[in-house]
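What follows is the residue order along each chain.
Number of protein chains: 2
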Amino acid sequence: MPSTPAAAASAAGEASAANRRGRPGYDQQSVLAIAVDVFNKHGYEATSMGILAENLGITKSAIYHHVPSKGDLLRLALENALGGLEAVLDDARASTGPADEQLEFVLRGTIKVLTERLPFVTLLLRLRGNTEIERDALARRREFDHRVAKLVDAARSEGSLRSDIDPRTTTRLLFGTINSIVEWYKPGGPISPDQLADDVISIMFDGLHSRS
Amino acid sequence: MPSTPAAAASAAGEASAANRRGRPGYDQQSVLAIAVDVFNKHGYEATSMGILAENLGITKSAIYHHVPSKGDLLRLALENALGGLEAVLDDARASTGPADEQLEFVLRGTIKVLTERLPFVTLLLRLRGNTEIERDALARRREFDHRVAKLVDAARSEGSLRSDIDPRTTTRLLFGTINSIVEWYKPGGPISPDQLADDVISIMFDGLHSRS
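Chains as they are written, first to last, in UniProt numbering: chain S, 1 to 212; chain D, 1 to 212.
Here chain S stands alone, though its shape is the one from the complex (with noise of 0.2 Å):
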């Protein structure tokens, strides 16, 4: 699960320097997984280095040889969730073709980037923007809202989406829906990612009423 090229070729760097010192079994990327699930588990501002160190099994002057401070694992994690989730964006079939098939993949596309990158997005969605690296991140959710809002703008406009539903609201309820999943998805588990994405898409698009 590479974010970016950045971050994945400083990865590669952190991680022969962590073999050269003799440590193997961590690299910055294993490192970074589990301290993104210690994140979720008791929250960032509540994680100190030294419950990271307790949870990794290493000691804290260890973990600075893969970091430098608890804020890169912090920016490095939510690159991962953004860097994903704005690729989707940037993707030309997210601005070619009809509104309302744009619209569709960028949803599939958001569901893809979240079930894989489950913890990261996790992270991402509960983060309260108490610091810069994470009111930094927020203003970046924010602008991929707001270019997802204007696709629905867009639908609404060709007349593909229904126009008695104010389109701030069909928004807020579409990323309700979507970022509600990274609450009770398990990636592994019965529900692949492919066909959740075509449940929710069904169920968004068309509706839980059969037709007859």
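Among these hints, one or two may not hold up.
Each pair may be met inside one copy or between any two copies, as identical chains are not told apart.
As the list claims (entries may be wrong) - Listed next, the in silico SDA-like pairs over lysine to any residue satisfying Cα-Cα at most 25 Å (straight line):
hint, residue 1, residue 2
1, 70, 105
2, 150, 202
3, 60, 94
4, 112, 140
5, 186, 30
6, 60, 162
7, 186, 129
In short, the hints are calculated from the structure, not lab data.
Please read all numbers here as calculations on a predicted model, not as lab measurements.
Place chain D on chain S using the hints.
Just chain D, lined up with the frame of chain S:
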């Protein structure tokens, strides 16, 4: 925003007791409302009686005149949310007529409780289950969810809900959509609770696509 009759009676009793003691301006319900806001902002566990006293502008011992402990504030707050939700299911309209109409009645009622008792339901939805009081509340919430899931099954069996989507996924997405409302809805804002309920029901049952 009264909770159960018992809680309301208790609140009234406390209020007159408080007035006798010459502390006008606070009764148990207003202490509770402020406490719930503080719990939602800082987390229940991170909130000490000292922090509560600071937010209320009264001494800790003055709080104890209204309620015996922090746990009792939590219990009263959760009773307000759960009592409201359970009353929806206990209404005759939740168990008579076609199952999809029962389901619609329950979802509308749930949205109404959520918007009218927003901070209380928010507290309920953020519980982690670290104490006995929280675990009891989560058990009642699961029972509520279970009864709604049975309505989804019934509506599916009656043929009014589509059968190509797993009923558990359907129920999860219904709750995901509805519960996400606490994250953005502003009571007293441009969207009335009834309008919101109409919009959610329209989207979930009939979908976003325009019908030609």
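Now for the hints, and whether the structure bears them out:
1. 70 <-> 105: neither (35 Å within a copy, 48 Å between copies)
2. 150 <-> 202: both (21 Å within a copy, 21 Å between copies)
3. 60 <-> 94: neither (43 Å within a copy, 56 Å between copies)
4. 112 <-> 140: within (19 Å within a copy, 32 Å between copies)
5. 186 <-> 30: within (20 Å within a copy, 40 Å between copies)
6. 60 <-> 162: neither (55 Å within a copy, 54 Å between copies)
7. 186 <-> 129: This pair counts as between: shortest inter-copy Cα distance 20 Å, intra-copy 27 Å.
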